[in-house]
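Protein chains in written order, with this note's numbering: chain A, 1 to 123; chain B, 1 to 280.
Bear in mind the hints are in silico, worked out from the structure with no lab data behind them. Backbone N, C-alpha and C define an ideal beta-carbon position, used for all residues, glycine too. Hints are not guaranteed to be accurate.
Unchecked claim - Capping the alpha-carbon separation at 25 angstroms, the derived lysine-lysine pairs in BS3-like fashion look like this:
id, chain 1, residue 1, chain 2, residue 2
1, B, Lys222, A, Lys85
2, B, Lys85, A, Lys42
3, B, Lys86, A, Lys85
4, A, Lys42, A, Lys103
What the hints assert, rightly or not - Pairwise CB distance ranges (calculated):
id, chain 1, residue 1, chain 2, residue 2, range
5, A, Thr10, B, Ser278, 53 to 63 angstroms
6, A, Ser8, B, Val75, 50 to 60 angstroms
7, B, Arg203, A, Ala33, 51 to 61 angstroms
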Amino acid sequence: MKVAISSSGTTVESEVDLRFGRCPYYIIYDTEAESFEHVENKSGQAMGGAGIQAAQMVSDMNVESLITGNIGPNAFRVLSAASIKIYSGATGKIKDAVEKFKKGEYKQVNGPDVAPHFGMGRK
Amino acid sequence: MIISVASGKGGTGKTTVAVNLALSLNNVQLLDCDVEEPNCHIFIKPVFEHRNTVFIPIPRVDQTKCDGCGRCQEVCVYNAIAIAKKKVLIFPELCHGCGSCTHFCPHDAIKEENKEIGVVEIGEKSEIQFIYGKLHIGEMMAPPVIRAVKKHINKKRTVIIDAPPGTSCPVITAVKGTDFVILVTEPTPFGLNDLSLAVKVVRKLKIPFGVIINRSDLGNEKTDEFCTSEHIPVLMRIPFSKKIAEIYSRGDSIIEALPGYREKFQRLFAKIKKVKISQG
C-alpha cells in the first residue's frame, strides 16, 4: 500500500507540512517495500485550486492513504471520490508520523477540517 | 473620452473623485466597476430603470458520454476540474467560464449552463447616466460583471469609470480600453507603495495617466518626490478636511456642499485633456 504524506522537505527527516494543497513536497511511503520517495507538489504555488490539483496528483499515483495536517473541502471532495483514506492532525518529522500511522494513532477523517484557502496563510 | 479612476491602495478617494468629477461635467456616464462593493449610487442617488442579470457558463458533464479521459482537466487553467476514478468533478466557484473544457472534450460530453453571478443596474440622475455592477455574495469572478457594465459605454458622452482597488484582474478589466487613468493616492507609505504598483500596471497598459493626492497635507513628501522623479503629473490635491469627511459620510457630494470645488473638478477635466494629448 502506498501512503502520501504532505511534507516541507524531501526526506523522512523533514517536517510534516500542515497544509495539504500548498505543501512543497509529498513523501510517498510504500508499506510493503518499507521505502520512501518524494514528489514535488507542482500546484503548490497555483493561483487558485491548489488543493484540487494536489488531490488529483496524489490520486493519480494510486495512493491508498494520505497523512497531513489539515484538509480543506475541495481537496476532500476529490480525495474521497478517489476513495483515498485521509488521516489529518499529523505534526513533527515524517518518520515519526509514519510510525504513529503504523501504530494506528491517527484517526481517519470523514470531512474537511479547515475552510478553503487555509494554506494561503490568511483568514 | 473615457476616464477611469483607480488607486492601488483602497480607501484613497476613488469614489469621491469619480462622483464629483461626474457631477461637475455635462453629458456624463458614470460607471461603478467596483462590483465587489459598489457605492457611487449612494452619492448619485439615481432612479434605476433597468436591471440585467450577469451569467457565466459553467460546464455540466453528461456521464453517459464521458469516458473519464481527463482532457477537460488538462485544459482547465483555473484548476476547476478534477478526475477521480474516471469521474469528472467540477468546482463551479473556481470556473472562469472560459469554455475550454467544452471545446476540447473529444466526446462532446460537456454542455454549458448559465450560472448567475451578479447584476447590472442602469439609472438616470439629471445630466448623468449611471450604471453599476454588483457581484453576488460568495461569487469570486468580478471581471465578467465589470465587462457587462462596460458594454453600456456610450462614447458620445464623457465616461467616468470608478475602478476597484488593487492591481489584479478586476482593476485591469475596468481600466483597459479607457483613454486616461486617474490614480488617486494619499501621501503615506502604504499609499505610495500601492501607487508605485498601480503605475507599473498603467504603464504596461500604455494608457496616459496622472495622480491625484488626497489628504495631501498629511503624511510625508515621498509621494511628491516619486511623482517628480517618475515625471508623473499631479493633477489635483485634496486637503485632509473634517468637512469633506462629514459630507462624504452623509452621502453628499463635495461640489454641491463646498464652494469652489465644482470649478476645481472642471479644471481637473481640462488638465486631463491636456495631459492626455502630451502623453498620447
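Okay, the hints, checked on the actual structure:
1. B:Lys222 x A:Lys85: Roughly 56 angstroms between the alpha carbons, so the hint for Lys222 of chain B and Lys85 of chain A is violated.
2. B:Lys85 x A:Lys42: Holds. Lys85 of chain B to Lys42 of chain A sits at ~21 angstroms (cutoff 25 angstroms).
3. B:Lys86 x A:Lys85: OK: Lys86 of chain B and Lys85 of chain A at ~18 angstroms, within 25 angstroms.
4. A:Lys42 x A:Lys103: Cα-Cα ~31 angstroms, so violated.
5. A:Thr10 x B:Ser278: 53 to 63 angstroms: holds (56 angstroms)
6. A:Ser8 x B:Val75: 50 to 60 angstroms: violated (31 angstroms)
7. B:Arg203 x A:Ala33: 51 to 61 angstroms: Taking Cβ atoms as reference, Arg203 of chain B and Ala33 of chain A lie about 56 angstroms apart, which means the hint holds.
Going through the hint list in order, the structure does not satisfy hints 1, 4, 6.
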